[in-house]
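Protein chains: 2
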Amino acid sequence: MANAPGEIEALIALMARLPGLGPRSARRAVLHLLRKRSVVMEPLAQALVSVAATARDCRICGNISDHEVCPICAADKRATGVLCVVEDVSDLWAMERAGGFSGRYHVLGGTLSALDSIGPEALRIPHLVQRIGDEAITEVILALNSTVDGQTTAHYIAEALAPTGVQVSALAQGVPMGGELDYLDDGTISAALAARRRL
Amino acid sequence: MANAPGEIEALIALMARLPGLGPRSARRAVLHLLRKRSVVMEPLAQALVSVAATARDCRICGNISDHEVCPICAADKRATGVLCVVEDVSDLWAMERAGGFSGRYHVLGGTLSALDSIGPEALRIPHLVQRIGDEAITEVILALNSTVDGQTTAHYIAEALAPTGVQVSALAQGVPMGGELDYLDDGTISAALAARRRL
Ligand SMILES: [Zn+2]
Ligand SMILES: [Zn+2]
Numbered sequence: 001m002a003n004a005p006g007e008i009e010a011l012i013a014l015m016a017r018l019p020g021l022g023p024r025s026a027r028r029a030v031l032h033l034l035r036k037r038s039v040v041m042e043p044l045a046q047a048l049v050s051v052a053a054t055a056r057d058c059r060i061c062g063n064i065s066d067h068e069v070c071p072i073c074a075a076d077k078r079a080t081g082v083l084c085v086v087e088d089v090s091d092l093w094a095m096e097r098a099g100g101f102s103g104r105y106h107v108l109g110g111t112l113s114a115l116d117s118i119g120p121e122a123l124r125i126p127h128l129v130q131r132i133g134d135e136a137i138t139e140v141i142l143a144l145n146s147t148v149d150g151q152t153t154a155h156y157i158a159e160a161l162a163p164t165g166v167q168v169s170a171l172a173q174g175v176p177m178g179g180e181l182d183y184l185d186d187g188t189i190s191a192a193l194a195a196r197r198r199l
Numbered sequence: 001m002a003n004a005p006g007e008i009e010a011l012i013a014l015m016a017r018l019p020g021l022g023p024r025s026a027r028r029a030v031l032h033l034l035r036k037r038s039v040v041m042e043p044l045a046q047a048l049v050s051v052a053a054t055a056r057d058c059r060i061c062g063n064i065s066d067h068e069v070c071p072i073c074a075a076d077k078r079a080t081g082v083l084c085v086v087e088d089v090s091d092l093w094a095m096e097r098a099g100g101f102s103g104r105y106h107v108l109g110g111t112l113s114a115l116d117s118i119g120p121e122a123l124r125i126p127h128l129v130q131r132i133g134d135e136a137i138t139e140v141i142l143a144l145n146s147t148v149d150g151q152t153t154a155h156y157i158a159e160a161l162a163p164t165g166v167q168v169s170a171l172a173q174g175v176p177m178g179g180e181l182d183y184l185d186d187g188t189i190s191a192a193l194a195a196r197r198r199l
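Residue numbers (the UniProt record's numbering), protein chains in the order written: chain A, 1 to 199; chain B, 1 to 199.
In case anyone wonders, no lab produced these hints; they're calculated from the structure. Hints are supplied without guarantee of correctness; some may be wrong.
Where chain B lies over chain A, by a calculated footprint (3+ residues, C-beta under 8 Å) [said to hold, decoys possible]:
| # | stretch |
| --- | --- |
| 1 | 7 to 19 |
| 2 | 44 to 55 |
Over 10 Å on every C-beta distance to chain B, these chain A residues come out as not near it, computed from the model [to be verified]:
| # | residue |
| --- | --- |
| 3 | I60 |
| 4 | E68 |
| 5 | D76 |
| 6 | D116 |
| 7 | G187 |
| 8 | A191 |
Even for Gly, the Cβ is constructed at its ideal location relative to N, Cα and C.
With the rest of the complex left out, here is chain A:
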């Protein structure tokens, strides 16, 4: 990796930390940027600066947008009363791409993990319980990954929500074992949503 000038080398090292880019492809990406400085590099730099300055976690659902309350939580057209619980913002995006869900979300930001000492508070589960009452929620759809951690978390949430009397459902078994939402095609997600089962 050596022999590019220091500042460019530092940029390559930063790019290499992105998922999907290793040291070699990061170098090629930076070279591409250097060749297209005004057409590609400057717009990308400005977009990054702008998004880094404005992006924030929605204080209601945990989605990322450039507002304190994200467009989904702020949209009058979205149904109130139904919450879809997802592990990550990427899963929220995948649900939205798939279409078929018109309610609101709750982004956990991960799954329960004794190993990494991630407990219910870190996942905003108490906040979820509070939303059930505050927003008069009648159904919670657990759209968690079909992994061991995802299903453990789903069961924990179902139990935590039991006292509220809210109806809790989960995506149908259309989601393949070990599958992660973000890698599924839209049709599979839609079908699993339509056939969701009550827990």
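Using the hints provided, position chain B with the ligands relative to the given structure of chain A.
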């Protein structure tokens, strides 16, 4: 790709234009940035802004650095008298990684191509001819890709340099046919350099 907020969507579209990143991996990369805003996104944004503002083509050799004259052209330690001609800055970096060359460079910025109407002027070949006299060059090493266009360009340059009496050599046939320098391991490049043949 829809459903991320507009500004984030625009960032994903810009990232997707980088070599090695498609729309899907660009989205994952941007999500990674959004999750690590202060640790990864802000440093990357600042590095891009900084490099975009300072990067320029060396007025002597065509290398890219943050100076009008690049560190290689400015280094007293680098041998004068021997020029290595490469197609692209990525090839210059590959030569430097391989080691074994202590002279200076001339970056063409491409190869001759009737199809794309890239002629000798666009490749700074007249400037190369001028450097032979100005810098008292005794040998020119053509380190061009072993592609049809690369070899056509090598022959054109050898003929253009003939009147100057400078010795012209090319990397040895250690470079596989169709091979591009940037994809070769360092040992192959070093061996080809050591066994370069006079044209
Ligand atoms: Zn929200
Ligand atoms: Zn230079």
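How the hints compare with the structure:
1. 7 to 19: holds (count 9)
2. 44 to 55: Per the Cβ count (11), the hint holds.
3. I60: Nearest chain B Cβ is 15 Å from I60 (chain A), so the label holds.
4. E68: The claim holds: E68 (chain A) sits with its nearest Cβ about 13 Å from chain B, beyond 10 Å.
5. D76: 17 Å, holds
6. D116: Holds, since 15 Å exceeds 10 Å.
7. G187: 16 Å, holds
8. A191: Given a closest Cβ separation of 19 Å, the condition holds.
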